[in-house]
Amino acid sequence: MTDDETTQRRPRLSRRGLIGGGAAAAGVVGAFAVGRASAEDGTTTAAVASTYPLHGEHQAGIITPAQDRLHFVALDVTTEEREELVDLLRRWTDAAARMTQGEPAGPLGPVEGPAAAPPDDTGEAIGLPASGLTITFGFGPSLFRDARGRDRFGLAERRPAALEELPRFSADVLDPGRTGGDLCIQACAHDPQVAVHAIRNLVRMGFGTTTVRWSQLGFGRTSTTSTSQSTPRNLFGFKDGTANVKAEESDALDEHVWVGEGDDPAGDWLAGGSYLVARRINMTIEVWDRQSLESQENIVGRTKGTGAPLSGGAEFTEPDFEMAGSAGPLIPVDAHVRVVHPDQLDGARMLRRGYNFVDGSNDLGGLDAGLFFLAYVRDPRTHFIPAQRAMAASDALMEYLRFTGQAVFAVPAGVADGEYVGQALFS
Amino acid sequence: MRKTLLAPAAVLALLPALAACTDNADSGDSADGDVRALTVASGDDACEVSAGSAPAGTLTFDVTNTGSDVTEFYLLGEDGLRIVGEVENIGPNLTKTLTVNAPEGDYFTACKPGMVGEGIRTGFAVTASDDDVEVSASDQELIDTAEANYRAYVQDQSAQLLEKTQEFVDLYEAGDDDEARALYPVARTNWERIETVAESFGDLDPKMDAREADVDFAAGEKWTGWHLIEKDLWPEDAEKGYQPLTARQRVTYADDLMANTTDLNDRIQATGADALEYPIDAIANGSIGLLEEVANGKITGEEEAWSHTDLWDFQANVDGARVAYEGVQELLETKDPELATELTEKFDALQALLDEQREGDGFVLYTDLTQDEVRELSAAVDALAEPLSQLTATLTA
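Residue numbers (my numbering), protein chains in the order written: chain A, 234 to 660; chain B, 928 to 1324.
Just so you know, the hints here were simulated from the structure itself, not pulled from any lab data. Owing to the predicted nature of the structure, the values given are computational and were not obtained by experimental measurement. Some hints here could point you the wrong way.
Per the computed footprint, the stretches of chain B lying under chain A, defined by three or more beta-carbons under 8 Å from a beta-carbon of chain A, are [said to hold, decoys possible]: (1) 988-1000; (2) 1138-1150; (3) 1214-1228; (4) 1296-1303.
Backbone N, C-alpha and C define an ideal beta-carbon position, used for all residues, glycine too.
So that you can see chain A by itself, here it is in the shape it has in the complex (with noise of 0.2 Å):
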C-alpha cells in the first residue's frame, strides 16, 4: 500500500463534508447556491448549478452562465524550461478539477495533512460549497515569443497570427502594470471568496515557475451569458450586455466566438478555444453621476429604467436607427449602442463576460472604478479591434472612459479527462 492510498482511505474534511454527509448534504448545498445566486440574480426562476465539471469540449467559465464574482490573474512564467511549464499546467489542471467540485486544492487538504507541514490548501474555504467555480486558462503572445523576439519554449511557429498584442487605442492610459501577461487564469464563482481561494492556491503552485503580473477582483457581472438570467447593471447604472452573445445560440457562438477547424494552420492546437480580450476600463463616476438622465440616455442610446432602446419597446426589442427624432436620430448618432451595434461592425459579436470593479479610491477622492471588461471573441482583428476603434473614433461614451489595463490571450479548448490543459499546444 502505498502512502498516497493511505491517504486516499483516510476520512477526508472535504469543503462539501462539513456541511454535513452524503447525497443529502449535495442536496442541501445545491439549494443554497441556487436560492443566493437566484435572489442576487433579481429573477426567482434561473436555477443555477452549484457545481461545472472542469472537463468537457469547451473550457467551462466562457459559456457559463455568468456567476457574480471574478478573480483574475495574469501571470509571467519565469522559468526557461517547457518542461516545468508543463508540469505546473499538468497540477493546475488536477486542482482545478478538484476545486471547482468544492473539494481543496491539493490532495491532502486544509487539515488532513501532516501537522509539521504547511497545508496544501489554505483554507479560507473550508465550509464553502463550490458556488459554481469556474477556472479558465488563456496563454499570451509573450508566451509564444517575448519582447526581444526569442522563442522562449519552442512554441513560436504554433503562435496563431490572430494572437498579437492589442495595438494602443485613443483614451488608453495604460498602466505597465496591468497590461499583457504570458498565462491568465480566471476564476468566476457566486461567492467572492471561493473565487479568490482558487487564484490564490493556483498562484501559490506556480511560484518558481510563474509570478504574478498583475490581478483584478470584479463583482456584480456585466453581462448575460445565457438566456435564463437577467441583465445586470454597469456603474453607471445602466443595463449591460443587452446583446450578447448568449450559450443557447450555438450558431452565434461557432460564428462568432470559438476557433474554427481551419481558422489558422499555425493556431490548429486551438480550434474549440477562443481568444479572450481583457481591457480594464476606469469610469469617471463622479463626472457621469452629474450629467442629467437625458444626457445619460442619449449617450447610452437606451432608457435608464427599463433598458429599452430610445426609439421604442422593451430592453430586448432591436434598437431602430433609422427613426427621427425632432433633432436628428431618435437614437443620437454618436450613441453607444448605435456604435457598437453588430450593424455597423459587419455582424460581429462577441461574448462577453464583465465585472464591475472598486479598487478603492484615486489620488483625488475619486471611485476608482469601471467595468472590468472581458470579452470572448473568434478572431480579436475582425471581433474586437474594429469595435474599439468605432468607440473611439465616435462614441458618447468615451468621454466618460479611460482604459487603463489590458491583455490579449489564447484559451485553448476543454480538457479532456486525463489531460491537462493546453495539452495540444505542447504535445
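Mind docking chain B on chain A? Use the hints.
Chain B alone, transformed into the frame defined by chain A:
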C-alpha cells in the same frame, strides 16, 4: 421638488387609508393621491390625459407613448401658441415625464404623434390654489438678455483667440521659442473659456486640441494642433529620442492651426441664417460642461502634459463657466434663490483656492502643486459641480 397639496395633518390622517390600497398604487392614474401628478397616454390618434384640470403649482405629466410612432407632448398657453412645457422624442412604449410650473389659467394639452402637425389638443384648466406660482412677465426679457450677452462673450473671446494665435504661430515659426512658450498658456486661455462652444464643432476640435494620448496612430489618425506644438516647445519633457520638428514642419503645423482657428472664428461670428444659437439651456449646460472639463482633464494634469500650464486652462474654464452662470443668475434667482446663493459661494471658494496658486501674471506649474493642493482643488470642483449640475433643470422647469 414636488410639492404636496395636502397639509401635514391631513397627510397623517390619510396614511392608513393609503397603506391599505398599495395594491393599486401602480395602477397608473394618480393612485398616490397627488392631483398634480397626471398621466398621458399618447396613441396614434388619441391623447388621453388622466384629468382635465389640476391646481396651480408644479405639475408632472407622465407621458406614455402607446402608439407606433415617435411622439411629443406639449402644454400650451391659452392662445395655443405659447409653449409652457414640452417633452420630445418619446419612442413607442416608452414613458417620459414633463414637469412644469403652471399658474392658474386656461391651457391646452397636445400630443403630437409622428411629431408633425399641430397635434391632438384638449383644453386643460389650472385652478387656483394656495401653492399658486408666480411667473414673472420679465422672465423672457431675462432670457433674451442672457442669450445676447453670452453670444457677445463668445464672439469676443473667439476674436481674441484669433489674434493671439496669430501672434503665437508667428513667434513659433520664427523660432522665438521663449516668447512662444510665454504666450502659449495666454492664447489658450481664450480657447479654454469657450471650450464647450469650440467642442461643439466635432470636425475642428480634434484637429485643434487633441492630446497625443487621444490619437490612434495605429489606425492611421494624424495628430495636429495646439498640443503637438506644445510638445515641440517643451522637448525636454518628451520621450527619449524625440525629434524636434524642422522649420518646415513647424510652418506646416502652425499654418494648419491658424487655418482651423480662422474657420472656428468665422463660424462663431456668423450672422443671419448661419448664426449660432445660444438657448438658455445651452448656456447653462455650457457652464456645467466647462466645470466637467476641469474635473476630467485639468485637475489631473493630463491636458498640458509638457508645458504643465494646466492651471491657466483651469482658470479659463472656470471663467467661462462663471460668465455663463452669471448670465442666467438673475433668472435663477426668480426660480431658486437658494441655489443661486450656493453657486455664488462655491464659485468664490474655488476662485480663492486658485488665487493661492497665482504667480506673476499666471500660475505655478501643475507639477509644482502638492498632492494635498490638488486634492483641495478637486474637492472644490466637486463641491461646485454638484449643485451646478442642477442649473439647467432648475432654469427650464
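Quiz item: Checked against the structure, which of the hints given earlier come out wrong?
Solution: none
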